[in-house]
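On the provided structure of chain A, position chain X as indicated by the hints.
Residue-level listing of the chains:
2 protein chains.
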Amino acid sequence: MLETNKLHSHNSHPHRVVIIGGGFGGLYAAKALGRAPVQVTLVDKRNFHLFQPLLYQVATGGLSPGDIASPLRAVLSRNKNTHVLAAEVVDLEPEQHKVILVDGELSYDSLIIATGVSHHYFGHDEWAPLAPGLKTIEDATEIRRRVLLAFEAAEREPDPEKRRAWLTFVIVGGGPTGVELAGALAELAHKTLKNDFRTIDPTQTKVLLVEGVERVLPPYPAELSAKAEQSLTRLGVTVQTKTVVTDIQDGVITLRRGEAEPEQLDTHTILWAAGMKASPLGQILAQRTGVALDRAGRVIVEPDLTVAGQPNIFVIGDLANFSHQGEKPLPGVAQVAMQQGEYAAKLIQRRLKGETLPPFHYQDRGSLAVIGRNAAVAALGSLKFGGFPAWFIWVFIHILYLIEFDNRVMVMFQWAWNYFTRKRGARLITGQNSFQLIKKE
Amino acid sequence: MLETNKLHSHNSHPHRVVIIGGGFGGLYAAKALGRAPVQVTLVDKRNFHLFQPLLYQVATGGLSPGDIASPLRAVLSRNKNTHVLAAEVVDLEPEQHKVILVDGELSYDSLIIATGVSHHYFGHDEWAPLAPGLKTIEDATEIRRRVLLAFEAAEREPDPEKRRAWLTFVIVGGGPTGVELAGALAELAHKTLKNDFRTIDPTQTKVLLVEGVERVLPPYPAELSAKAEQSLTRLGVTVQTKTVVTDIQDGVITLRRGEAEPEQLDTHTILWAAGMKASPLGQILAQRTGVALDRAGRVIVEPDLTVAGQPNIFVIGDLANFSHQGEKPLPGVAQVAMQQGEYAAKLIQRRLKGETLPPFHYQDRGSLAVIGRNAAVAALGSLKFGGFPAWFIWVFIHILYLIEFDNRVMVMFQWAWNYFTRKRGARLITGQNSFQLIKKE
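Taken in sequence, the protein lines are chains A and X. Counting from 1, position 349 in the first sequence corresponds to residue 372 in my numbering; the numbering is continuous, with no gaps. Counting from 1, position 306 in the second sequence corresponds to residue 329 in my numbering; the numbering is continuous, with no gaps.
This is chain A alone, in the form it adopts within the complex (with noise of 0.2 Å):
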């Protein structure tokens, strides 16, 4: 059993806060209150903050996940206020001002709740194993051992018609996610593989992106889901709107366009890239403090981040939901989330001085999401563009907030090299089971 006054037993300062999830909130929090008068404890099941934003190059074999990885200790050594609890949190007491690891528990004087939000699939859990999401490295890993399985097994085969099934990739939702994976997979089919098989032709790949509305990027103005829809149709990609997935089995999908009959599609290879669950920490603190949750699972918060009747526990990031004054709810992206953490630093500190702070404002910086090589599609207050300059801005700002330098020199290193070279050089089919999937067959 961990002792939290142990834990903490040589460091002096009196007002203790902690952090539930290293991700770009918690960690931003974090550096944000590193000189501050604060003892700080930032508890995260994993032992780095993952750059979510670059996961779809892991899973496509452009990057490491060492790449887009940084070890939270390596990131705040120099914060001697911050403790980083490699632990498991399983639930919380308000009451107590106590947070309970599956080993132990924290006492805080502030908590800042930061544990995100998982794919879901819409009441289908059994969907899972046979369309994966992408959140974490072990997720991007299994995407990328499918994916290069697929052309392994469709190599091999001799029945055209079941050659045609592995070399089907339908990508489930046409967010930044689907559309970035879905670029990036074509890109790998037409250009990476073109040469490496002798019985099949890579080129001859079909990726479809599967979208329930009328157009891809629901979010981002029209204009640009219009060129991003260009670029990716460019590149290879069918795209397919207003379709709903009505099942999945092992080998074949079935999807449903508009009104249309639903037809069956066969693929071994389903990425799933639409709906958001919050972290259960959400029901948790619902059932604790009785704070109201949107339909997705997500924290309703005050116009200060904080929940209601709570003033000293802190929600932010994708598993709040925080609305302007009756406009929708704020999108779940890595800026919203450091300016949360930002902000809930700033008003733990300037509280410690019994001042206070305004509510949270969210400076949108813009949007940006990028198809593939040379193309991307950005949103920068009024300027809306595409093509080579929104790609080469997206390039620049992924590699700017890359939490440390020598992975910002490393992938801009890669980048440059997979550029010139259109090589992915991350094309390695790992785990234990590696070749469950041909050996099915």
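In case anyone wonders, no lab produced these hints; they're calculated from the structure. Any given hint could be a false lead.
[What the hints assert, rightly or not] Chain A stretches covered by chain X per the calculated footprint, using a threshold of three residues with CB under 8 Å from any CB of chain X:
1) 88–96
2) 214–227
3) 327–339
4) 371–385
[What the hints assert, rightly or not] Cut-off 25 Å, straight-line C-alpha distance, at most; resulting in silico cross-link-like pairs (DSS-like, lysine-lysine):
5) A:103 x X:214
6) X:217 x A:103
7) X:54 x A:217
8) X:54 x A:68
9) A:185 x X:68
10) X:103 x X:369
11) A:68 x X:217
12) A:217 x X:103
13) X:54 x A:214
14) A:214 x X:103
15) X:68 x A:217
Glycine is no exception: its CB is placed at the ideal position from the N, C-alpha and C atoms.
For chain X alone, coordinates are given in the frame of chain A:
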């Protein structure tokens, strides 16, 4: 069922060479046959060539898997006469000149078997889960996981005794792998992690290297073994020779030094770098052809690397026991495998012209082992030296022999970076049950 003829239907080369295994031996054989008038099929369970000599760098967070692995298809994509087949070999039929796969078969005119060796536990296979070895990418990330989790667990352990057990690392086997692993672990603990923790002092970590005979690096000249032991001690590694493992339980290892009484040592991290067991294909080959195996199960080959009575079956690399007239068998190192792969490829081409070759002769280009930053030992011909020069040559040669150019660039880059920053960026704890060890507590 895979039909060989179908697989090769569009290929007109008459002489079919099947290579089993994409390690140094198999890959260099395939490369040497790239322009030959033969039809090559390289079969491997994995889709990538692994640069084994740097695996310990992945295990200690210095490099990412992608840095030391190259997709076999990419490496061989220019060899239009070469198929890469992702498949598992389960049997051989020398009479029918066939290789039996899990899900098919291949016919050959010449067969090259290069499936290598794995570690073995001297009849104590029950030790395997408690003391993982270092042969595959999965081994490396598993070791990385255990090592990093041990520090996390120590950070959270109030009891000094138990904490010491978490900070005790035992490496069994003083060969090159054990020496390099021990050196890298000591650097990780004493340099890289120095400032990352708040309740423990990583420099208190105990790294114990256990070797059965009287000196480390037994195959090397004695003076190099002495140099290596000095460097290890300077790095903070405790070297214990003439010591054998008599038992391993969860959390405790029992060691016997010489004739002394066995002693127990509390540790949660035991890494296995001893023992060597030939790939099961050796057994199968012995059953099918009656060829003799050595005690480790390696195939005793003819002077031309073929199997007695089977002139068209070659066994090369770690799986082959090749004895210069009466001398002890060649060591299981990359150099030997590469030269044997090239020899087999050359002999096959000569035979097609009705010619032959003199027996295989190994050109020893020297031995190298790295201990840590600026510390290595080298025996090049009559030259024997250590320190920075040996280290520099080690770095140079290892970068030189990386298969793909982009790997060379990336690794050189990472190393330059790690060298100056003493950072190890790939310190990720991955895998489904990332917290198994801590929860176990």
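Item to check | Violated constraints from the hint list, given by number and in increasing order | outcome: 3, 4, 8
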